[in-house]
Amino acid sequence: MHMQLEIKGLTNIYKTGEGIRNIHLQVKKGELLTLLGPSGCGKTTILRSVGGFVTPQEGQIIIDNEDISKYSPEKRPTAMVFQSYNLWPHMDIYNNLAFSMKLKKMKKEAINERVQWALKLVHLDGMEKKFPSELSGGQQQRIALARALLLDPQVLLLDEPFSALDAKLRHELREQLREIQAIQKLTMIFVTHDQEEALAISDRIAVMNKGKIEQLDAPKEIYNSPKTYFVANFIGKMNFIELQAQDGIVQLGNSSFEVADVGNSKVQTAIRLEDIEITDVDPDVNGIIKKIMMLGHYAEVTIQTEFGLLKTFIEKRKLETLSVEQHVGVCIKAARFYGNNELKSNIKRSSTHVKEFEAAY
Amino acid sequence: MWYFKALPRGKIIEFFIVAVFCLFFFGPLLNLVLLAFSGEWRYPSKLPSSWSLDWWKYVFGNDQIVHSILLSFSIATIVTIVSIIICIPAAYAFARLQFPLRRVFLFSFLLTNAFPKMGLYVAVGVMFYKFGLMNTFVGVVLIHVINTLMYMTWIPSAAFKNVQKSQEEAARDSGASPLRVFWHITLPIAAPGIIVASIFTFLSSLDEAQGTLLVGIPDFQTMPVIMYSIIADYPANAGAVFSIILTLPTIVLLLAARKFLGSDAIAGGFQMK
Numbered sequence: 001m002h003m004q005l006e007i008k009g010l011t012n013i014y015k016t017g018e019g020i021r022n023i024h025l026q027v028k029k030g031e032l033l034t035l036l037g038p039s040g041c042g043k044t045t046i047l048r049s050v051g052g053f054v055t056p057q058e059g060q061i062i063i064d065n066e067d068i069s070k071y072s073p074e075k076r077p078t079a080m081v082f083q084s085y086n087l088w089p090h091m092d093i094y095n096n097l098a099f100s101m102k103l104k105k106m107k108k109e110a111i112n113e114r115v116q117w118a119l120k121l122v123h124l125d126g127m128e129k130k131f132p133s134e135l136s137g138g139q140q141q142r143i144a145l146a147r148a149l150l151l152d153p154q155v156l157l158l159d160e161p162f163s164a165l166d167a168k169l170r171h172e173l174r175e176q177l178r179e180i181q182a183i184q185k186l187t188m189i190f191v192t193h194d195q196e197e198a199l200a201i202s203d204r205i206a207v208m209n210k211g212k213i214e215q216l217d218a219p220k221e222i223y224n225s226p227k228t229y230f231v232a233n234f235i236g237k238m239n240f241i242e243l244q245a246q247d248g249i250v251q252l253g254n255s256s257f258e259v260a261d262v263g264n265s266k267v268q269t270a271i272r273l274e275d276i277e278i279t280d281v282d283p284d285v286n287g288i289i290k291k292i293m294m295l296g297h298y299a300e301v302t303i304q305t306e307f308g309l310l311k312t313f314i315e316k317r318k319l320e321t322l323s324v325e326q327h328v329g330v331c332i333k334a335a336r337f338y339g340n341n342e343l344k345s346n347i348k349r350s351s352t353h354v355k356e357f358e359a360a361y
Numbered sequence: 362m363w364y365f366k367a368l369p370r371g372k373i374i375e376f377f378i379v380a381v382f383c384l385f386f387f388g389p390l391l392n393l394v395l396l397a398f399s400g401e402w403r404y405p406s407k408l409p410s411s412w413s414l415d416w417w418k419y420v421f422g423n424d425q426i427v428h429s430i431l432l433s434f435s436i437a438t439i440v441t442i443v444s445i446i447i448c449i450p451a452a453y454a455f456a457r458l459q460f461p462l463r464r465v466f467l468f469s470f471l472l473t474n475a476f477p478k479m480g481l482y483v484a485v486g487v488m489f490y491k492f493g494l495m496n497t498f499v500g501v502v503l504i505h506v507i508n509t510l511m512y513m514t515w516i517p518s519a520a521f522k523n524v525q526k527s528q529e530e531a532a533r534d535s536g537a538s539p540l541r542v543f544w545h546i547t548l549p550i551a552a553p554g555i556i557v558a559s560i561f562t563f564l565s566s567l568d569e570a571q572g573t574l575l576v577g578i579p580d581f582q583t584m585p586v587i588m589y590s591i592i593a594d595y596p597a598n599a600g601a602v603f604s605i606i607l608t609l610p611t612i613v614l615l616l617a618a619r620k621f622l623g624s625d626a627i628a629g630g631f632q633m634k
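Those sequence lines, one after another, are chains H and V.
Residue 271 in our numbering sits at position 271 of the first sequence, with consecutive numbering throughout.
Residue 487 in our numbering sits at position 126 of the second sequence, with consecutive numbering throughout.
Because the hints were derived from the structure by calculation, they are not lab data.
Note that the Cβ used here is the ideal one computed from N, Cα and C, for glycine as well.
Possibly wrong hints are sitting among the right ones.
Partial selection, computed: residues in chain V whose CB lies under 10 Å from chain H [what the hints assert, rightly or not]:
hint, residue
1, 524
2, 538
3, 549
4, 550
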């Protein structure tokens with residue numbers, strides 16, 4: 001398989017001890033890879049190393065079979081969209097877009113044509129006479145994207161490009177970015193700390209923590225089987241219960257789970273909110289409803305149990321039968337067990353158990 | 362009177378306060394203008410009894426004075442250019458580079474303004490004697506530049522700081538070498554601050570009298586220096602004419618540059634960061 005971008009053994013450690021350690025990554029042509037992680041996890045360092053704005057202490061960056069590690073940013077076949085302050089305020093939109101082509105001494109007609117093409121692509125035709133300060137934040141980021149696309153990059157680098165925008169706009173731009181990527185068959189690295197954004201737009205996600213990649217997988221895999229405790233904690237909402245295993249058996253209320261390779265150690269049990277159901281028949285755990293929070297077409301219900309607070313999602317139509325301080329039973333449909341930050345078992349309960357519950361409702 | 366009737370009561374008090382302020386502020390200027398264009402004006406009459414341009418003719422007919430005007434403007438121009446050449450790189454360094462004692466250096470530019478001017482000039486004068494710079498054009502320019510270092514470093518430095526790193530990096534990304542980035546991106550974005558600082562420099566050089574008096578006498582008498590002798594030797598009318606000539610460039614330049622003269626551009630220049 002031909003790789004558009006290869007990162008080999010990239011290491012760059014700052015004086016503070018933060019940084020990246022021995023990073024290996026491969027990005028296919030036309031793929032959108034997201035680097036996801038909390039601030040300080042090194043995701044931006046990787047991105048900036050590829051762009052040439054950080055000189056890593058060790059490692060190679062190979063784009064299209066060419067080692068570009070030693071090139072300065074202006075010589076690299078990459079283009080970057082920054083979080084903010086992308087545009088040059090003293091130039092109008094036309095000149096912002098045309099800057100790179102003017103440096104290349106392209107013909108005026110050709111520049112015009114390319115600028116029009118780029119503006120159309122980001123749905124901002126007719127804006128060329130305006131100045132950046134006359135544009136909204138979202139429009140500015142779209143112009144920045146257009147300018148990056150005009151560089152014909154082999155790899156497009158996006159450094160949290162939508163994080164300064166409000167939620168609605170962020171959603172719109174996400175979709176637009178995906179559309180443009182599909183049309184242009186772009187290879188992209190996208191950096192974000194927003195797990196929802198990462199799940200929504202990526203082909204693959206690299207979840208990072210403390211300068212290392214914890215898991216590199218498709219969004220679905222990352223969500224369904226987080227390989228480490230950190231990833232489970234970072235991606236999506238989770239209930240965590242710390243339990244003591246006995247001879248490989250973890251007891252949770254009325255149910256016991258057979259967990260591989262834990263012996264008699266402590267185990268972190270992670271349960272997705274949607275994997276907890278409220279039931280009267282044969283519950284695993286009993287509790288009292290403490291809080292009901294409406295979140296649109298579903299609600300988040302918090303239940304006090306002997307294992308602490310458990311949260312679950314409930315469909316709106318089922319809400320009417322529930323009220324605060326009501327005693328309820330809880331059934332756990334699936335759980336993941338982590339020992340020593342590693343996934344030990346990912347257990348799905350038999351469908352009969354769930355069917356029984358569905359029927360009883 | 363209709364105007365006052367239309368005003369709410371609270372506003373009438375405001376109106377008078379503003380009126381008193383205007384009188385206080387513009388009164389002396391008005392007096393100056395009247396004086397400059399009056400022929401005969403004796404106490405206690407409120408207005409001159411005759412108007413004339415005699416004092417203007419005198420000022421522009423006097424070779425020494427005309428020469429001083431030309432000298433002042435050429436010195437101010439050269440001082441501004443020299444100051445830009447010396448200070449802009451320094452300002453950029455203060456804004457972008459981290460080096461030891463950076464803040465101490467930045468602060469030291471304030472010191473020339475902290476001492477009593479005459480004391481500083483006497484000390485400088487002793488050095489100038491040794492180097493043979495007394496009564497030379499270069500000497501006068503140098504003494505003016507000393508005064509302008511602070512404006513020319515602090516304000517552009519703040520302007521350079523306002524140029525975001527990502528704006529420079531985006532230009533690198535677009536294929537521009539570091540030098541081109543500075544020329545096409547950094548300098549134009551910082552230009553308003555640099556223009557403001559240049560205007561301050563030009564005006565302060567035009568206004569400088571003490572240092573010039575000490576270093577430039579007798580051959581380099583600029584406008585403010587000549588003004589001392591005119592005020593001492595001639596009627597007030599000549600002084601008034603001269604003040605107007607001296608004030609005019611200030612007003613013209615400030616009007617021309619008011620686009621750039623935001624309070625933030627000036628205030629931004631005086632932050633220690």
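Verification of the hints:
{"no.": "1", "hint": "524", "verdict": "holds, 9 Å"}
{"no.": "2", "hint": "538", "verdict": "holds, 6 Å"}
{"no.": "3", "hint": "549", "verdict": "holds, 5 Å"}
{"no.": "4", "hint": "550", "verdict": "holds, 6 Å"}
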